[in-house]
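Engineer: Single-letter residue listing:
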Amino acid sequence: MDIKEELKPPQDSVVVEDSYHMVTRRGFVSWLTVGWGAFAGATAIMGAAFQRFLFPNVLREPPQEFKIGFPNDFLEGVVDLRMQDKYGIWVVRGFDPATSQTGIYVLSVICTHLGCTPTWLESEAKFKCPCHGSGFYKTGINFEGPAPRPLERFRVVLAEDGQVQVDKGKKFQYEKGEWTQPEAFLKV
Amino acid sequence: MEALRHTINAFATPTTIYLSSVALFAIAMWKMEIVVKPLVMIPVVIVTVLGTIFALTDDHFFKLVTLPDNIPITIMLATVGYFTWYALKKGVENDKRLSENRPLIEQEQDRRVMTWPNLVYIEFICLIAITVFLIFWSIGFQAPLEEPANPTVTPNPAKAPWYFLGLQEMLVYFDPWLAGVVFPGLIVVGLMALPYIDPNPKGNGYYSFKDRRLVIGYYLFGFLIQWVLLIVLGTFMRGPGWSFFGPFQEWDPHKVEALTNINLSELLWVKLLNIGLPKNILLREGVGIVVVLGYLVALPPLLAKTIFKKLYQELSFIRFQIMCFLFLAMLSLPIKMILRWTINLKYIVAIPEFFFNI
Ligand code: FES
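Note that the protein sequences, when read in sequence, are chains X and U. First residue of the first sequence? That's 1 in the numbering used here, and the numbers climb one at a time after it. First residue of the second sequence? That's 1001 in the numbering used here, and the numbers climb one at a time after it.
Don't take each hint at face value.
[Said to hold, decoys possible] Here are some chain U residues the structure puts well away from chain X; computed CB gaps all over 10 Å:
(1) 1033
(2) 1123
(3) 1141
(4) 1172
(5) 1175
(6) 1199
(7) 1216
(8) 1217
(9) 1254
(10) 1259
(11) 1278
(12) 1305
(13) 1315
(14) 1334
(15) 1346
[Said to hold, decoys possible] Cβ-Cβ distance ranges computed for the label pairs, FRET-style:
(16) X:41 / U:1252: 32 to 42 Å
(17) X:35 / U:1335: 48 to 58 Å
(18) X:64 / U:1123: 30 to 40 Å
[What the hints assert, rightly or not] Some chain U residues judged to face chain X by a derived CB distance under 7 Å, without partners named:
(19) 1156
(20) 1157
(21) 1171
(22) 1176
(23) 1274
(24) 1357
No lab work stands behind these hints: they were computed from the structure. We put the CB at the ideal spot given by N, CA and C, even for glycine.
Given only the sequences and the hints, what does the whole structure look like? Please build it.
Structural biologist: Right under this line is the structure:
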């Protein structure tokens, strides 16, 4: 049989008034309220339970201030990648055009575009970001790709025992003219 | 063979690929009656298949295409191609029928049926079929498991899932707040708003092309060129360091491209006027701001007088403005891409002090 025919409501059906199954408007609304209330309550409890996931079980917080060795551990003109994994920094010793001095400065390994970690390409003398291709000079200045500003530098000073001390709690941004501040750069 | 590969590699720059795709697209839109003919399409398919077979003889290309992650792209290309052609062919045929005053395909063979059970059953069967397919797929192709995540190591190249590679490509040209928030938002909201912006009843419930050429072109441009093409570019031609590689070029992380960027303000104040950047931000970026505002504010009335003339008459004022805004937002991507590729323009308005770059 044709489907359309089959689905037509029977012509002579009569609406039967059945007071037992009748739902009053008031009854309907109050059931609705109960239903939605229960739903909202359950959702709220679930939501509250989920709050727990916002707080990690283990919090790995490496020290913000640390010593990285003596100035002479760093070779002139070399980008030091040894601290990348442990502290998330690159240490460069060499001439810094921002201050026109020779010394040590510490770069953050976080691309200023969206936060990937660029790779240091020795032969091209640049940091190149794998995510969208931003390029940074050894000094941290951005020159290619979408990164809007140079890499950040961290506070670097000489500790009492003569070691180089880095403080990631204080950063220096080039676009704010902070690289010329005294502790953005360690003269050696 | 080698020589051919080299030529293709040399030809394959973002600009040439993009512009030639746009040119092909424009031709197709203009001469659709001819393009959809089997006489044209069959050779195109044959050439594509032969070209693919030739390309697969290359080791690098073969490895790339047969990567489990990338096989869906091939499937997508085939299906998108087929269904687009199918719809347009029907549309062209209906156009012909309309002009000859014959009934439409849809009227001639009235195949309307009830949603229940016909459609729902088919959907249910599809659901089962796809589930089976996915189960076999997941058995056949292993998910690429890598080392535990390490915040200081980013794989090179670092790629989003393939269907997001268009978005990732967008991030190369725009600031994250634009390419990651505003544009995706506009795409989603814009697509949802389309039926309300465009109340034209033509093409409702039947295939058509000529009556809706502009709108169909508008949509297909966004989908085929701005989404599908960018996925293909992003997957197959972006290598380590997000450098651009030809299809048969080994991915060398040390590839050097001359990409030193320049902002519009630098171009103007330093290169052209030779007086250095002014200290005042508004003065420095003034030209860029004027350009952007002009683009968004002055162009719609101009469009209303020229290519969108018919649309302007059909739509109410506000609808037209929204339509224009979405259109211009979409077009800003290719404009920016081409400016980057050709003159290495980085940002038209560059205010890194406030994270505001366009
Ligand atoms: S995150 Fe480095 S370029 Fe986008």
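Engineer: Against this structure, judge whether each hint is valid.
Structural biologist: Quick rundown of the hints versus the structure:
no.: 1; hint: 1033; result: holds (37 Å)
no.: 2; hint: 1123; result: holds (16 Å)
no.: 3; hint: 1141; result: holds (24 Å)
no.: 4; hint: 1172; result: violated (5 Å)
no.: 5; hint: 1175; result: violated (6 Å)
no.: 6; hint: 1199; result: holds (30 Å)
no.: 7; hint: 1216; result: holds (32 Å)
no.: 8; hint: 1217; result: holds (29 Å)
no.: 9; hint: 1254; result: violated (6 Å)
no.: 10; hint: 1259; result: violated (4 Å)
no.: 11; hint: 1278; result: holds (15 Å)
no.: 12; hint: 1305; result: holds (35 Å)
no.: 13; hint: 1315; result: holds (35 Å)
no.: 14; hint: 1334; result: holds (16 Å)
no.: 15; hint: 1346; result: violated (7 Å)
no.: 16; hint: X:41 / U:1252: 32 to 42 Å; result: violated (60 Å)
no.: 17; hint: X:35 / U:1335: 48 to 58 Å; result: holds (53 Å)
no.: 18; hint: X:64 / U:1123: 30 to 40 Å; result: violated (56 Å)
no.: 19; hint: 1156; result: holds (4 Å)
no.: 20; hint: 1157; result: holds (5 Å)
no.: 21; hint: 1171; result: holds (5 Å)
no.: 22; hint: 1176; result: holds (5 Å)
no.: 23; hint: 1274; result: violated (20 Å)
no.: 24; hint: 1357; result: holds (5 Å)
Against the hints set out earlier in the document, violations occur for numbers 4, 5, 9, 10, 15, 16, 18, 23.
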